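Below, each chain spelled out in residue letters.
Number of protein chains: 4
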Amino acid sequence: MKTWEQIANIVKAQGVEYVFGIGDTDLHLFADQLDGLTAINLRYEGSAPLMAMAYSRLTGKPGVCSGSSGPGVASLVPGVLEAYSGCVPLVIFAPSVDLQTEGMGEFQECDQRKMMEPITKWSERIPYVERIPWFVERAFSIAMNGQPGPVFLEMPINIGGKLTSGIIVDAEPYEEYRTIRKIRVSGDPELISQAVELISLAKHPVVIAGNGAISSGAQDEFREFIELQGLPFLTTPGGRGIVEETHPLALGVCGIYRTEHGKQYYKDADLVISIGSRNEGFQSHSFADFPDGAKFLQIDISPFEIGRHWKPDVAVVGDAKLVLQQINTVIREKYPEKENYLESIRIKNLIKSKKNYENQVDKECLTEEIPIPAKRIVHEVSQVFGKNTILASENGSQDTWSYCYPYYTVQEGSICIPVAEQTCMGMGVVGAIIAKLVRPDKKSV
Amino acid sequence: MKTWEQIANIVKAQGVEYVFGIGDTDLHLFADQLDGLTAINLRYEGSAPLMAMAYSRLTGKPGVCSGSSGPGVASLVPGVLEAYSGCVPLVIFAPSVDLQTEGMGEFQECDQRKMMEPITKWSERIPYVERIPWFVERAFSIAMNGQPGPVFLEMPINIGGKLTSGIIVDAEPYEEYRTIRKIRVSGDPELISQAVELISLAKHPVVIAGNGAISSGAQDEFREFIELQGLPFLTTPGGRGIVEETHPLALGVCGIYRTEHGKQYYKDADLVISIGSRNEGFQSHSFADFPDGAKFLQIDISPFEIGRHWKPDVAVVGDAKLVLQQINTVIREKYPEKENYLESIRIKNLIKSKKNYENQVDKECLTEEIPIPAKRIVHEVSQVFGKNTILASENGSQDTWSYCYPYYTVQEGSICIPVAEQTCMGMGVVGAIIAKLVRPDKKSV
Amino acid sequence: MKTWEQIANIVKAQGVEYVFGIGDTDLHLFADQLDGLTAINLRYEGSAPLMAMAYSRLTGKPGVCSGSSGPGVASLVPGVLEAYSGCVPLVIFAPSVDLQTEGMGEFQECDQRKMMEPITKWSERIPYVERIPWFVERAFSIAMNGQPGPVFLEMPINIGGKLTSGIIVDAEPYEEYRTIRKIRVSGDPELISQAVELISLAKHPVVIAGNGAISSGAQDEFREFIELQGLPFLTTPGGRGIVEETHPLALGVCGIYRTEHGKQYYKDADLVISIGSRNEGFQSHSFADFPDGAKFLQIDISPFEIGRHWKPDVAVVGDAKLVLQQINTVIREKYPEKENYLESIRIKNLIKSKKNYENQVDKECLTEEIPIPAKRIVHEVSQVFGKNTILASENGSQDTWSYCYPYYTVQEGSICIPVAEQTCMGMGVVGAIIAKLVRPDKKSV
Amino acid sequence: MKTWEQIANIVKAQGVEYVFGIGDTDLHLFADQLDGLTAINLRYEGSAPLMAMAYSRLTGKPGVCSGSSGPGVASLVPGVLEAYSGCVPLVIFAPSVDLQTEGMGEFQECDQRKMMEPITKWSERIPYVERIPWFVERAFSIAMNGQPGPVFLEMPINIGGKLTSGIIVDAEPYEEYRTIRKIRVSGDPELISQAVELISLAKHPVVIAGNGAISSGAQDEFREFIELQGLPFLTTPGGRGIVEETHPLALGVCGIYRTEHGKQYYKDADLVISIGSRNEGFQSHSFADFPDGAKFLQIDISPFEIGRHWKPDVAVVGDAKLVLQQINTVIREKYPEKENYLESIRIKNLIKSKKNYENQVDKECLTEEIPIPAKRIVHEVSQVFGKNTILASENGSQDTWSYCYPYYTVQEGSICIPVAEQTCMGMGVVGAIIAKLVRPDKKSV
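Residue numbers (this note's numbering), protein chains in the order written: chain L, 1 to 445; chain D, 1 to 445; chain A, 1 to 445; chain V, 1 to 445.
These are computed hints drawn from the structure, not numbers from a lab.
A portion of the hints provided could be inaccurate.
No copy labels: a pair is met if it fits in one copy or bridges any two.
[Claimed, not checked] Below, a list of computed lysine-lysine pairs in the BS3-like style, where the Cα atoms sit at most 30 Å apart:
| id | residue 1 | residue 2 |
| --- | --- | --- |
| 1 | Lys182 | Lys263 |
| 2 | Lys162 | Lys2 |
| 3 | Lys114 | Lys162 |
| 4 | Lys443 | Lys61 |
| 5 | Lys12 | Lys348 |
| 6 | Lys295 | Lys321 |
| 7 | Lys182 | Lys203 |
| 8 | Lys267 | Lys348 |
| 9 | Lys311 | Lys61 |
Everything numeric in this text was worked out from a predicted model, so none of it was measured.
Okay, chain L solo, but in the shape it has when bound (with noise of 0.2 Å):
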């Protein structure tokens, strides 16, 4: 078996459907062998990381992308910063410099790891033909596992005299090919109490869902858990289409990305519930619309994002997942006749003013002005396409809220694909051409 055409085969092992790069890399020639596994076949790299995160959000699988020596990989830099920033789990592949000439200044040589190290969590070369299994296997570990995110790999064209690249030397053949787990965490019980606490004890509660609730799957948990309390929820871009727009607890896109109404929510809260979010200043308007002495309740998967801006009153460390599934057990448990959401007053007020917003932004889009605004497009779009849709986010001028619910309203069975704080361009295109490929039982848009 050949080195690459080994790692090939552990790519697949761990489910993966698709590698994007540059065609000529033997990474591509060798997937392209295998059933299953197919090598998307790019003419610039600078995509692939892209198309790579679009293909982990559409399926919750990481996303495996590749780079040429040199410039290739300093092509990839950009969209790898998008992916790290947007804890999206990649697994990168590169060829590096021949051993046997490392430092003497070859064709592409440079230090590819540590261009790298800044974007990822872990960037590292393959030292070792025999090593091959241990470094791809705990690559698509280190990207899964904990905070996602991306992960780099190279494998020098020739190792202590064997050549991994041009097809010719044999790796150790490999017995088994292991599919990596994603390995969840709980939160603590006693901090899921302080947090169930604190939640009955708020009087005007907000949920903000990141993307953190997405990349863990808990999109029924969440359902289970705004509905069992009652709790109107904001999300951010990357958290968008957690739940359906059109559910009667949905304020929008928080922050910046305004609803006139939810923002008023948001401002209002003597509770702010954060969901796999960084919590950065886009949600809080810079501090302009922060919510002045309520508290604070961050759940998230990592400990180091953890009071990273605000100063929560409970944190709890855990997969979203798994963490609602705690809270809602132990509601269900303490509260087992908590009346219907759309009961309460609070409720009831909150649909009221979410539809006279829906109608006055319907009325704002019957515009006939020339040229025609970019949220009376995007309005009819929305319309048009409906349920099922998967939006792919582009930046640019229009992006701070035209895009957004309610000119864009994210309906049921939709999924979005975002950009994450560092908002490089390109998403727009790209995300639409992967979802294409990899749901085409959905609409694209």
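Fit chains D, A and V to the given chain L structure using the hints.
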């Protein structure tokens, strides 16, 4: 309030009682003015991180130490490397060069952060006087949470025109001194079930207790765990003392650090249960004693350590204390009528062979050989000191087994101060000093 | 004076006429207000470093470019890598995150300095408003002196309470705008003697002119050097254009970039004289054409490059221009009655074989093949454009030889804009644009 | 030939006579088997870099030291930082972790290269047994050339299946042991002219001789330079001993390290000529003694140091020895009839005030005070030891001036072993030991 005075106050708010380092740094000057915080002033910074490690081991709190700029920070490197390897939560402070001359090559200018980066979890500069509380609180949070470890924080002598040293210029008043909480995580309930299943199927299980089990404070849960199921256990040097070595199920220290019959139980195991250990080569005596074909259950706080060495059949990521609680609960529910482990044939045999081995060592140590062999000295020291003793380990030519059970037997109420895989020298003396300082109620050896 | 205004003024004082980058950064806003400094505003930062490289090649001055924070800086990476590989003096500016929120994960926060570190000579932050002049002047000094290369300088939006962006707060007045001088170094006279000795003993010497010979401005000295001794020369892609390829001693581009008879002269050499080249594998066609047994004289600005690939018999560290002056002086003194090189038999033969080869290529390019082969197009372009033309090279499937002499012959008064060993794409278009901008007197292709 | 045996042979080929470090490393085992190379075996690595520094100072050769893996390398950090700060050429070797387990967290695994990166010029791993000669020769070349400094080289215990330790597996035979040459550079002749012009215009010039002047071996050229023009000189601690302090033009150590009348000459200067010094704050007593309005001529081997602190009016980059030769030549040509400097009024006055100051100190040191003050001890030591003595400096509370002239006067034939700006402790003892080892012909104090 002065800048370093503010830092000393935040340190104190964490419940930390000592800071270790050179006496003429600002942190020490201010620490000494605070009730409840004492500066231990050394002539040489090199011992400061080891002292802080010993302090942390004995109290469960983070250790705090400091260095003067330049060579002072450089002198900390060996000890900090040891703490990093041993996952000990340290917060390390140092002043750094004046921003008004940074880059000019002034007295003791060097890149302290880069020096500390490869051996800490976080190596940062306080860039702004107003940010002192954020950085110091975050330093403690990062040191203690997730996989614990050292963090480094430097503050330039002059930030933005404000002197931070020389006791001249004020920091903003800081309203509240928050105590950073340790946030624990539990295991995924599904994985807990799989773990219990694995244990219940094993005929010859053996447990390895590592440093992580002690640093999570899981002593009681561990005792219940082994007694519930009658699980013989070994410890790594870092896990030593979790339960006294006089316990019937205790097999001593694992791997290269002998005990003849302990090795045998390890080698014959059909299940190895590792709790908070990296399972590196010493444990299996570089695989010489490896139990071929055994299943592997790994429990660790960090997904980064999962499968780093062996590939687990089941891996639970979580705090050892909480995970053992979860496992114990499931076992008690599932097997409510489990027999007393002392009644099982396996354990009866084990106790017999343990007794035999102890007798053999007793005889061995009655030698009248001159010069007196190290093992006899250690053996007699062990008997003289007995219970409630703190043992600080040193490295050296005799280290491989003479400090170990049954030459030295860790008895009830005792604590061990180990070094980590780097095995730097000096902990023997330093640990004993700190033991007397922090736990004057215990004997120290 | 505003902070970025001050930077723009210091840039201007270096004689730099253009800054390249995204138009809405502060540097560009202020650059546009200064006579003699023009901001070239792009839609995408990726081209900015390539433009700055082309600018530097054409003017001998450092190139200046900028990126917006986060993904903007990430987009610069491929171009900066190319400049680093090609030893092109660039000064790159970017804003960075507000120190009041650094570490909190705010919008576009990322470690820009670390991203730039592996691909620059110096990657720093301006930590203090008063230090702006020191850092900017130093950036130019480091970029230009020693082995030239790119440097990166970021300035946080807010330093020590002083906003640097948003045109709000003033920098200290800065009395004098100094022009940073390029400081040249000469060779050790003893080594110069040894070099001349080596040359005078050689029967079949051949010269390789690399990028370093052009970037030191050694065109005149080089012409004198080869003519004094009758030395046939090849160039690397980076050294191309140092003397026109119509010169009798010109053998075209070296190594993999053919010319049949050039290869032969190289292969048969008993002395290779390398001036400002890294002599990597392309030159010797991965050693396929290596002149076994030949002596090696290496002239380079940087001791780091000496012996990096082959081991020189004599190595002179120094600026190519000054070293060639030294050598020419010694040769003129030592051999005052040297014959005209055109009279030597070796050179007469060389001219003959050169002519033959050119005729053969002319014939080859008269082909009527459809589709028209690239070589015919290039050949005709070469004849149409002729003298005083700027050639910007692109990479791609045809690059290995079709751009090269004698398909394309660099004639008198012409300049080449190459890429470096990393061979990133895009310079063809970008270089041509900059050529028109900077040298409207020349034709551009 | 074994791998480390090969390394020992290449070390020996450089003319190096000692390697310093822990005795049980492979380098030391093989060094001891070679005639002409001796392993100095220490109990603690910390002193090894200081010994190598002292060796380099006394011999002008690079110093070689080694550490064992992990904590051994960590222990080298303070000394290597000092050598980096003091631009001392050291080559540091260490074994590193087995590539078959790299990344698994095995015994003493840590990132040694990153630990050494911020304090060396080059920190690399030998990735391939066949590359040993390239890497080791390059290490010496980089350490010695350009601005000298330490470099670090690690070799894994097992590379590509070939054991490098344990004396088991062979390296390729290596035909030739080359001695790496120090390659010097001269100044630009144009700048030399400007420098001479500046000197000839000055009325009160003063010279600062730094460490770089000594490390280039410019003692003779320096003496000629000051005597040709009658230039009073001070030294930094690193430049001390370039010419004996009993010389009429000697003003002692500069800056904070007093001599009352030396300070005065410095402060009143209208031209400061710095040769191989960083001119950091100690020199000008943090600018308290700065000669306002003086011109500044800077001579340094590295363009990186030019204008790092003050902005020079003329800067010459080049080896001090060659640059002073160039300057002396121009001066002799241009001013052939220069008077003897001892005849000038300025120098006559200087000699008088020097005598007065020495008398005053003599009187001061006649004190019968109890306890005997350090200065009296030093003074008497100075008189007892006299000429041909090696002085190794220690730091501590008395360091600021008591070791300095005229308390201790460096006399003819004497050498000083200083520490650099980092001023780490220990050189006093270590330096004296090495002095006796390397130069038994001289007295050592």
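Up to 30 Å between alpha-carbons, please classify Lys182 paired with Lys203: within, between, both or neither.
-> between (37 Å within a copy, 28 Å between copies)
Between the shortest in-copy and the shortest cross-copy C-alpha distance, which are at most 30 Å for Lys12 and Lys348: within, between, both, or neither?
-> Classified as neither; 50 Å inside a copy, 49 Å across copies.
Checking Lys182 and Lys263: alpha-carbon separation at most 30 Å within a copy, between copies, both or neither?
-> For Lys182 and Lys263, neither the intra-copy (36 Å) nor the inter-copy (33 Å) Cα distance is at most 30 Å.
If the cutoff is 30 Å on CA atoms, where do Lys114 and Lys162 land: within, between, both or neither? Let me know, please.
-> both (24 Å within a copy, 27 Å between copies)
How would you classify Lys311 and Lys61 at a CA-CA limit of 30 Å: within, between, both, or neither?
-> This pair counts as between: shortest inter-copy Cα distance 21 Å, intra-copy 32 Å.
Using 30 Å as the alpha-carbon threshold, which applies to Lys162 and Lys2: within, between, both, or neither?
-> both (11 Å within a copy, 21 Å between copies)
Within a copy, between copies, both or neither: where do Lys267 and Lys348 come within 30 Å Cα-Cα?
-> within (19 Å within a copy, 67 Å between copies)
Under a CA distance limit of 30 Å, which applies to Lys443 and Lys61: within one copy, between copies, both, or neither?
-> within (21 Å within a copy, 53 Å between copies)
Homomeric proximity label, Lys295 with Lys321: Cα distance no greater than 30 Å = both (22 Å within a copy, 29 Å between copies)
Consistency note: the structure conflicts with the earlier hints numbered 1 and 5.
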